[in-house]
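Asker: Below, each chain spelled out in residue letters.
Number of protein chains: 2
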Amino acid sequence: MTKPAVYRNAGDLLPPPIARFVDVAESCKPELISTPEKPVGLIDAEKDEKALLGWKAVSRGSVEDMEVLKTGDSVIIDFGGHRTGYFSFDLQSYKFATHPADAPCRLRLVFGEILSDVAEEFEPYKSWMCKSWLPDEIITVDWLPQPVKIARRHAFRYVRIEVVAVSMHYGVRIENPIAHAVTSCTASVPPLSFASAGSEISDEDKTVLRRIDEVALRTLRNCMQTVYEDGPRRDMRLWIGDLRLQALANYKTFQDTLLAKRCLYLFAGTPFHEDGRLAATVYEHPQVTSGGQSIVDFTLIYAAALLDYVEFSGDKDTGKDLFSVALRQAEIAVGRTNSEWVYHVENIGGMTDFGAWHFVDWEPTLDKVTSIHCIIIFSLKSLLSLSKLLGLPVPTISTPTSSSVPITEVIEKMTASALATMYDPSLGLFVSGPKKQISWASNAWAVMAGVAPSQEVAADALRRTYQHPDTVIAMTPYLHHYLVEAFVKAGLKDLAVKHIKGYWGSMVTAGAETFWEAWNPKLPTVSPYQDFHINS
Amino acid sequence: MTKPAVYRNAGDLLPPPIARFVDVAESCKPELISTPEKPVGLIDAEKDEKALLGWKAVSRGSVEDMEVLKTGDSVIIDFGGHRTGYFSFDLQSYKFATHPADAPCRLRLVFGEILSDVAEEFEPYKSWMCKSWLPDEIITVDWLPQPVKIARRHAFRYVRIEVVAVSMHYGVRIENPIAHAVTSCTASVPPLSFASAGSEISDEDKTVLRRIDEVALRTLRNCMQTVYEDGPRRDMRLWIGDLRLQALANYKTFQDTLLAKRCLYLFAGTPFHEDGRLAATVYEHPQVTSGGQSIVDFTLIYAAALLDYVEFSGDKDTGKDLFSVALRQAEIAVGRTNSEWVYHVENIGGMTDFGAWHFVDWEPTLDKVTSIHCIIIFSLKSLLSLSKLLGLPVPTISTPTSSSVPITEVIEKMTASALATMYDPSLGLFVSGPKKQISWASNAWAVMAGVAPSQEVAADALRRTYQHPDTVIAMTPYLHHYLVEAFVKAGLKDLAVKHIKGYWGSMVTAGAETFWEAWNPKLPTVSPYQDFHINS
Numbered sequence: 022m023t024k025p026a027v028y029r030n031a032g033d034l035l036p037p038p039i040a041r042f043v044d045v046a047e048s049c050k051p052e053l054i055s056t057p058e059k060p061v062g063l064i065d066a067e068k069d070e071k072a073l074l075g076w077k078a079v080s081r082g083s084v085e086d087m088e089v090l091k092t093g094d095s096v097i098i099d100f101g102g103h104r105t106g107y108f109s110f111d112l113q114s115y116k117f118a119t120h121p122a123d124a125p126c127r128l129r130l131v132f133g134e135i136l137s138d139v140a141e142e143f144e145p146y147k148s149w150m151c152k153s154w155l156p157d158e159i160i161t162v163d164w165l166p167q168p169v170k171i172a173r174r175h176a177f178r179y180v181r182i183e184v185v186a187v188s189m190h191y192g193v194r195i196e197n198p199i200a201h202a203v204t205s206c207t208a209s210v211p212p213l214s215f216a217s218a219g220s221e222i223s224d225e226d227k228t229v230l231r232r233i234d235e236v237a238l239r240t241l242r243n244c245m246q247t248v249y250e251d252g253p254r255r256d257m258r259l260w261i262g263d264l265r266l267q268a269l270a271n272y273k274t275f276q277d278t279l280l281a282k283r284c285l286y287l288f289a290g291t292p293f294h295e296d297g298r299l300a301a302t303v304y305e306h307p308q309v310t311s312g313g314q315s316i317v318d319f320t321l322i323y324a325a326a327l328l329d330y331v332e333f334s335g336d337k338d339t340g341k342d343l344f345s346v347a348l349r350q351a352e353i354a355v356g357r358t359n360s361e362w363v364y365h366v367e368n369i370g371g372m373t374d375f376g377a378w379h380f381v382d383w384e385p386t387l388d389k390v391t392s393i394h395c396i397i398i399f400s401l402k403s404l405l406s407l408s409k410l411l412g413l414p415v416p417t418i419s420t421p422t423s424s425s426v427p428i429t430e431v432i433e434k435m436t437a438s439a440l441a442t443m444y445d446p447s448l449g450l451f452v453s454g455p456k457k458q459i460s461w462a463s464n465a466w467a468v469m470a471g472v473a474p475s476q477e478v479a480a481d482a483l484r485r486t487y488q489h490p491d492t493v494i495a496m497t498p499y500l501h502h503y504l505v506e507a508f509v510k511a512g513l514k515d516l517a518v519k520h521i522k523g524y525w526g527s528m529v530t531a532g533a534e535t536f537w538e539a540w541n542p543k544l545p546t547v548s549p550y551q552d553f554h555i556n557s
Numbered sequence: 022m023t024k025p026a027v028y029r030n031a032g033d034l035l036p037p038p039i040a041r042f043v044d045v046a047e048s049c050k051p052e053l054i055s056t057p058e059k060p061v062g063l064i065d066a067e068k069d070e071k072a073l074l075g076w077k078a079v080s081r082g083s084v085e086d087m088e089v090l091k092t093g094d095s096v097i098i099d100f101g102g103h104r105t106g107y108f109s110f111d112l113q114s115y116k117f118a119t120h121p122a123d124a125p126c127r128l129r130l131v132f133g134e135i136l137s138d139v140a141e142e143f144e145p146y147k148s149w150m151c152k153s154w155l156p157d158e159i160i161t162v163d164w165l166p167q168p169v170k171i172a173r174r175h176a177f178r179y180v181r182i183e184v185v186a187v188s189m190h191y192g193v194r195i196e197n198p199i200a201h202a203v204t205s206c207t208a209s210v211p212p213l214s215f216a217s218a219g220s221e222i223s224d225e226d227k228t229v230l231r232r233i234d235e236v237a238l239r240t241l242r243n244c245m246q247t248v249y250e251d252g253p254r255r256d257m258r259l260w261i262g263d264l265r266l267q268a269l270a271n272y273k274t275f276q277d278t279l280l281a282k283r284c285l286y287l288f289a290g291t292p293f294h295e296d297g298r299l300a301a302t303v304y305e306h307p308q309v310t311s312g313g314q315s316i317v318d319f320t321l322i323y324a325a326a327l328l329d330y331v332e333f334s335g336d337k338d339t340g341k342d343l344f345s346v347a348l349r350q351a352e353i354a355v356g357r358t359n360s361e362w363v364y365h366v367e368n369i370g371g372m373t374d375f376g377a378w379h380f381v382d383w384e385p386t387l388d389k390v391t392s393i394h395c396i397i398i399f400s401l402k403s404l405l406s407l408s409k410l411l412g413l414p415v416p417t418i419s420t421p422t423s424s425s426v427p428i429t430e431v432i433e434k435m436t437a438s439a440l441a442t443m444y445d446p447s448l449g450l451f452v453s454g455p456k457k458q459i460s461w462a463s464n465a466w467a468v469m470a471g472v473a474p475s476q477e478v479a480a481d482a483l484r485r486t487y488q489h490p491d492t493v494i495a496m497t498p499y500l501h502h503y504l505v506e507a508f509v510k511a512g513l514k515d516l517a518v519k520h521i522k523g524y525w526g527s528m529v530t531a532g533a534e535t536f537w538e539a540w541n542p543k544l545p546t547v548s549p550y551q552d553f554h555i556n557s
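Protein chains in written order, with the numbering used here: chain A, 22 to 557; chain B, 22 to 557.
Take these hints with a grain of salt, some might be off.
It does not matter which identical chain is meant; a pair holds if it fits inside one copy or across any two.
Stated by the list, open to error - List time: in silico SDA-like cross-link candidates among lysine to any residue, alpha-carbon distance up to 25 Å:
no., residue 1, residue 2
1, Lys170, Leu112
2, Lys147, His190
3, Lys147, Leu90
4, Lys510, Leu73
5, Lys77, Phe553
Since the hints were made in silico from the structure, they are not lab data. As the structure is a computational prediction, the values presented were derived from the model and not from experiment.
With the hints as constraints, model all of the structure from the sequences given.
Answerer: Here it is, written out as structure tokens:
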């Protein structure tokens, strides 16, 4: 047998981790706190045509009311809310006559963030994403009664337990079920008071916004483990794009800075390429390793994440230590501009080019040229602000035509080229690509980058894009965030609140206990991965 | 919801354990020794019409030759021989490009004692026995590479590993697979020398017998855990009938007495009924508990097991301590004889009567009256021998007609009634039931009980039964043993050796590494449980 060309260690083909940065990251690793939580009760999932995701929960009493389960029986335990953590219970046997539990008990457990997870079958599975990520387990317990603790971490509100097999001589009950919620977040945040911005918001809206805020805080807390995880149910990993948003929300809420510092150092410590390019994601387990892919826009957003961190924490040492890492990302991207100072790569939509995946959003029809171009400017402006904050001179980078150009000059050139080639004066908004595609992404990022010559032009572009019948909207909350941030930046606070209520509010209405990675209220079960059950 | 009538604790409906006996048993609990064993190599199972069980192994090289496995791939590791124990390995990921193992790895493992276990699908499963006893596991490993140890004990030669799911970015190899063999047996036994009985046996026969002896010793060693397990693959429990044969073989081979003593005390400590009746089986886990059923013939054989133990070990204290327990079993059974001193119960074939299951063998057509009647005599004779060995007076029991009858008198009466009603002089053999069924069981037990008036009559009965075209043969090695023991007792040593070669030899030919619970060489895949895969 001949072995195919494969690489044994995660580090093969990638530069080795940079020990000094990784060491700092490890020194900032937070403790995880575990909190035991009792269930609310038992439920059945029933079909409900009126529900956005098609299901409603019907109470089946308390856990103490659970019947004795035989082969083929199942039960759904509702823990209320959502947590990241572990599940334990006592597997108690009930015999029907003189026999003790005379054979092992085989169970299947399904962990549900939402009702459809535990109400629907996972087969047939249609995604290209690895099936092993589906949140189910099969266990066999040899001797009963027995305390059981599921070793793998899950993210869940519901646990469905199916009895795959018990012998004819006994049945089982799930007694003392406990969810052990884990997080590194030690702070708590009171409900929104609307103290400073209350008068113009109706009481009804306040209720909606408080509920959205509550779900947002839970999402954030449940993602705060030993890194900011993009989602605690599936890949459980740190990604630059998610890091920036989670840290930013955190500075306004839980105010943790240790985790942000750790994450910034983890990326610095695990470059994707010897040219200094950052990886899009970092693995913590079994050891700290580069994630094996780079996302152009994420490398650029690292600068903004570093700026946010230094601004909030005041930790200038970290800012200085990591400044050149952030600067290098912009330098590499600027290196891909053409003679007109327009970002240009072959096949910007492809995600298989080694180290040149452009993400922006999961929407497959999105033209990304304008977005990426503007994200470069956004990154350069973040670097400029950071250099001022750190008392550094205006940074310079090498470009295709010069070995040392001040970034102020690059910002000017790229802003001018964006206005010249990406702004459509007749439409009054930003477009992207040869087909002049109108999208939220292009306009949000143009506004974030400050490309519009005035706040009025910015606000008009956003408003027109938002209302345009042909506009390409966002699939991920990630891009929805930048639309809202752009609204705020352009002075469109009303639109920001309206959009938050409409978009995040619709997830809450659909039964979200935490916000999802992908969501389109008009296509509730659509998935960027071709199977709704693998979304998270 | 109303709960059905069920009983929470194993002890409900049964008398509590007798602490004094259980304490002695626990003081005799042996240490388990774990030995790491490396695999022989990789194999494929190929169909082979000439093989008794339909399969042959084809080498696929060494474990080091294993290809990188992707979703849907599988591999069979051959450890050679058979052991009871645990399985561990390193799950190594091999990436195809820059990505590390970016999703969990889900594996299915199937543990095979014989090739068909790993070559055939378990579905559709046809047995009434609990499906959870099938020797497979599904595990999900979150972070790779990772050392993996399967927590549950298995009995195996082969391990089939199927990759249920890995992501598109990587494959896996099973590296450093180790079988951790466990047993409480510390002794070893040299191959059969035939020193005292060599001249009349051909070299060819010696080879066959040495191979049978080797498999028998392995079976015994692998069943020697913290009790004599009836089989280490499935129920892993101690049963009286199996105990007697395993201990008897042990006295001639590994010469352990501690385990036998522990097992005798475990039964004494966990009675099935307050009248003193023994349970057929004892559970060790999660705590020492009566097995919840009683088998009449097993309760009677306890006396023989105690006699064997005292004879070999010289431990008269244990003999005296447990004598009344053994005697009580015979007394209860004698209490079921009618006025003609013939054993009589309603529905002797039924196994659902509370505490009155008559086993003898798994063969469903077997008439068991003669066997059980003779086993009572065999038990009484064991008690008589034991009382002599211990220097006790002739024991007395209460019978339906008298409160104190010497067992010598009961033996005499029951032997006479057996000869009068169960021996057919015209056929020259023992029969059973109204249809005068001829069977190995009836004649083996009549000879074991010494019912025949001479060795000649005994030998003739066995020979005729063995050759008779209508005879009901045995399904279990358990009853085959008593046929062979009866052959020896009747002076038919040649027939004993011939039968051992034919029966146990056919299991070896069929690929047995240990002897099975059930086996009919003419119907190789027949099962007392309706599904061959649940035999063990």
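Asker: Each of the hints needs a verdict: does it hold here or not?
Answerer: Against the structure, the hints:
Taking the shortest Cα distances, Lys170 and Leu112 sit within 25 Å of each other both inside one copy (10 Å) and across copies (23 Å). Taking the closest pair of Cα atoms, Lys147 and His190 come within 25 Å of each other only across two copies (18 Å); inside a single copy the shortest separation is 39 Å, beyond that limit. Proximity of Lys147 and Leu90 under a CA criterion of 25 Å is satisfied inter-copy only: 22 Å between copies versus 31 Å inside one chain copy. When the C-alpha separation of Lys510 and Leu73 is checked against a cutoff of 25 Å, the pair qualifies neither within a copy, at 32 Å, nor between copies, at 80 Å.
Proximity of Lys77 and Phe553 under a CA criterion of 25 Å is satisfied intra-copy only: 17 Å inside one chain copy versus 44 Å between copies.
In terms of the numbered hints stated before, the structure departs from hint 4 and from no other.
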